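A.B. asks: As you go down the protein sequences, you meet chains A and B in turn. When we follow the numbering used here, the leftmost residue of the first sequence carries the number 1, and every step to the right adds one. When we follow the numbering used here, the leftmost residue of the second sequence carries the number 1001, and every step to the right adds one.
Hints in this document: simulated from the structure, not taken from any laboratory. Be careful, since some hints might not be right.
[To be verified] Derived lysine-lysine pairs resembling DSSO-like cross-links, with alpha carbons at most 30 Å apart:
1. B:Lys1338 x B:Lys1033
2. B:Lys1320 x B:Lys1015
3. B:Lys1467 x B:Lys1523
4. B:Lys1637 x B:Lys1338
5. A:Lys148 x B:Lys1363
6. B:Lys1467 x B:Lys1006
7. B:Lys1033 x A:Lys148
8. A:Lys26 x B:Lys1493
9. A:Lys19 x B:Lys1493
10. B:Lys1637 x B:Lys1297
Only a predicted model underlies this, so the values are computations on that prediction, with no experimental measurement involved.
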Amino acid sequence: MMDLTLQVWRQASRTAEGKFVTYEAKDISPDASFLEMLDVVNERLTERNEQPIHFEHDCREGICGSCGMMINGVAHGPAAGTATCQLHMRNFNHGDQIRVEPWRARAFPIIKDLIVDRSPLDMIIQAGGYISVNTGSAIEANTLLIPKAVQDRSMDAAACIQCGACVAQCPNGAAQLFTSAKVSHLGLLPQGQPERYERVVRMVEIMEEHFGSCTMYGECEAVCPKEISIDFIARMNRDYIAAKFRNRKSEANG
Amino acid sequence: MTLDSKIPPGPIDRKWEYAKSHYKLVNPANKRKYDVIVAGAGLAGAAAAATMAELGYNVKCFVYHDSPRRAHSIAAQGGINAAKNYQNDGDSIYRLFYDTVKGGDYRSREANVYRLAQLSVNIIDQAVAQGVPFAREYGGVLENRSFGGVQVSRTFYARGQTGQQLLLGAFQALERQIALGRVTMFSRHEMLDVVLVEGQAKGIITRNLVTGAIDAHAGDAVVLATGGYANVFYLSTNAKASNTTAIWRAYRRGACFANPCYTQIHPTCIPQSGDFQSKLTLMSESLRNDGRIWVPKTGGDSRRPDQIPENERDYYLERKYPSFGNLAPRDIASRGAKEVCDEGRGAGPGGRGVYLDFADAFKRLGRKVIEERYGNLFEMYQDITAEDPYVVPMRIYPAPHYTMGGLWVDYNLMSNIPGLYIGGEANFSDHGANRLGASALMQGLADGYFVLPVTVGDYLGGQLGKKVTTDRPEFKQTKAEVEQRIGKLVGAKGTRSVDSFHRELGNIMWEYCGMARSADGLKKAITDIRVLRDQYWRDVRVLGTNDEPNQALERAGRVADFFDLGELMCIDALHREESAGGHFRVEYQTSEGEAQRNDDKFLYVGAWQFTGDNSEPALQKEPLVYEEAKLATRSYK
């Protein structure tokens, strides 16, 4: 069992003033996840008639992308390739001080305590993060042959869970890693070709409306719980530039 | 009341065709005049919302998450079945249908299951067209693998993240319709009641989880795709927020709740490690394709697994079910694990675990192949347990995972309340008493992409000019009732947290309404639940107010409904004096310990009707008729 000291950002609402509050977290099992540790703290807060710490979470198996917090300044904490819900307390030591903050990004205003509003990420998907195919108009699935390597690369990008860690960690608050993951997932596949260049332009434009600029710090890749490669950003930039040239002539005219 | 299943006439393979050809259609120009409410955006909800928007309806979609992509469908790992027969191994639509009926222990509705098998092939086409990156062979064609309970390879998968990729396909389709203005998305909105006007579903009441505002929304039809209720056990593989409230509120408004006792306990989960545990993590049962399950032959064997020689191990599934072996269906595999642990032969701390061993697979296939197939699952296991499954066999134990029961629906997925449709895990129809692996994704998407969009249209075809607004007294009345209920919970000054009650309820359910049930146990559970529920309403503590984000308040309402549902599950389990699939009554088993059905007495869907807070629910029966899949004792030997 371990004893920890937490400094947690508490903020009642988007407009309220926030501050760090110190909590003692005693008798924590090293086998508990970080969120289970917070559950224990919250049970004790409730016993003391103090409002529990609000944090977003759901699947608790690292796939829904709901959870995420800055843990000692690092999105999702010290373990590589791990979302907060899968971060186990054995990654910490008895007596540690842990600072817990919400995602830090201008695009993600705080809703309460550690919960932020990540809706601009959905807006990027709305701008073009899909293949335009209505239900019913699909061709027979094996008509389309896709090399395994292409499929695997596409899947690497598609593994993104839209948690927002990349944005939170980026000194510029940029969303390039997130956007490039979706651009690449679809743009690598033959199904994604008809809209490939239009898609990248539309998604990048909306991204730039909400998020900061990418200056290739690479911190996004380092904290990504799904270890999405920064190479996808280069790929997106290439497609974006190509799109700008291509769009001078309409596709129909070749 | 009679439950009319509305099964179309004709031979089973022509029923869906017949139905589609006879549904009412809505003039394309009129479609935009209809508002369809969809609660939930998992596979069924997102697919239905997107597809109905494509057809031209105005869709309003509600989720309690910040984004529709968070729905728990995203966590499904293993795969999705489809009768493509790409492997040329003798698969067919009929065989998928038959396997599903048999896997469900002959407690599902034949016509629905056949349609599901027919639609399975369209789902794969649709998903691929959307860019779902299913696994492929080197030649570029789609790859398949086998899954529990069947002997063909018909499961399509995307690494260990099939649910994620399929949900993203549906989510992206939904986002496209949001961008086009055909779907209005209400995220961070929890549905708290359904509104009936003259007996028809015409709207819902929601709570805005940021501001606390209680709002009424009107629509011409309401679709609930709000998932299952395995969190009644507190510890389950479901996401923390998964709950029964939407369907439970509909039940209280008159929708029948069918087969609530049919719950699935999944065999391959990571064993519990402590009291702090907040959920159980499932590992795809695809692991059973290559892993072998065993326990020591004698109890109290404390040797390390690699020190236990081959002849002192009991590969109990292979021993008892030679033809299916480790691929026996989930209910059978789970009960097998419970039995050997009850005998004191379990592995690991507390003796609640069995080994899932890949040593032979490493020898046969090499580490690289195993890594490719299961790498992410092995990593997840190591993250959680701090044990390396490449070195030490995994330990697994069953956990509540899926609920086959749900709101009763007819062939068109409409509940007994006109205009109220139920899709995905929230309905009861396709899996009978046990669901086979890789069938939940199939059903959610079949309902969402292909069934609901046409059947809801059939209903809407008769609703022209019958639009209602939220000014109607029914909306004000229902909203007032929701507010009153919240008022009772918010600021409740008891001494115990919501979670502490939920845990205690979960213990009762797991003990008496889990993998093995008895009349005495169920009676005790019903009494215990009632006592605990009284305490809950007197002694729960919910801090904060309604006018702010308040997670304790959100949970308090959900747990209150779980109490009532838990009671109904026990009532249903007590009434069903037979064993079928996931419902195992210790009094009804064969001499070999297998589930013993009683087709003479229980060949029906047990649908419960709410009759008031202080009166027993009324049982309505829909008889089950098997014309194609002849009733037989399920055998996996």
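A.B. asks: The structure should be examined with respect to each hint, and the outcome stated for every one.
C.D. replies: Hint check results:
Distance restraint check for Lys1338 of chain B and Lys1033 of chain B: the Cα-Cα separation of roughly 55 Å exceeds the 30 Å cut-off, and the hinted pair is therefore not satisfied. At roughly 39 Å between alpha-carbon atoms, Lys1320 of chain B and Lys1015 of chain B are farther apart than 30 Å, so this suggested pair is violated. For the hint pairing Lys1467 of chain B with Lys1523 of chain B, the CA-to-CA distance comes to about 46 Å; that exceeds 30 Å, so the pair is violated. In summary, the hint linking Lys1637 of chain B to Lys1338 of chain B is supported, as the alpha carbons are separated by about 19 Å, within the 30 Å threshold.
Our distance criterion of 30 Å between C-alpha atoms is met by Lys148 of chain A and Lys1363 of chain B, whose separation comes to about 25 Å. Simply put, Lys1467 of chain B and Lys1006 of chain B have alpha-carbon atoms about 26 Å apart, close enough for the 30 Å limit, and the pair holds. For the proposed pair Lys1033 of chain B and Lys148 of chain A, the alpha carbon gap of about 46 Å is over 30 Å, so the pair is violated. A threshold of 30 Å between alpha carbons decides the hint, and for Lys26 of chain A with Lys1493 of chain B the separation of about 26 Å falls inside it, so the pair holds.
The hinted pair formed by Lys19 of chain A and Lys1493 of chain B meets the criterion: a straight-line CA distance of about 27 Å does not exceed 30 Å. For a cut-off of 30 Å, the pair hint linking Lys1637 of chain B to Lys1297 of chain B stands: about 21 Å separates their Cα positions.
Taken one by one, the earlier hints fail for this structure at numbers 1, 2, 3 and 7, listed in ascending order.
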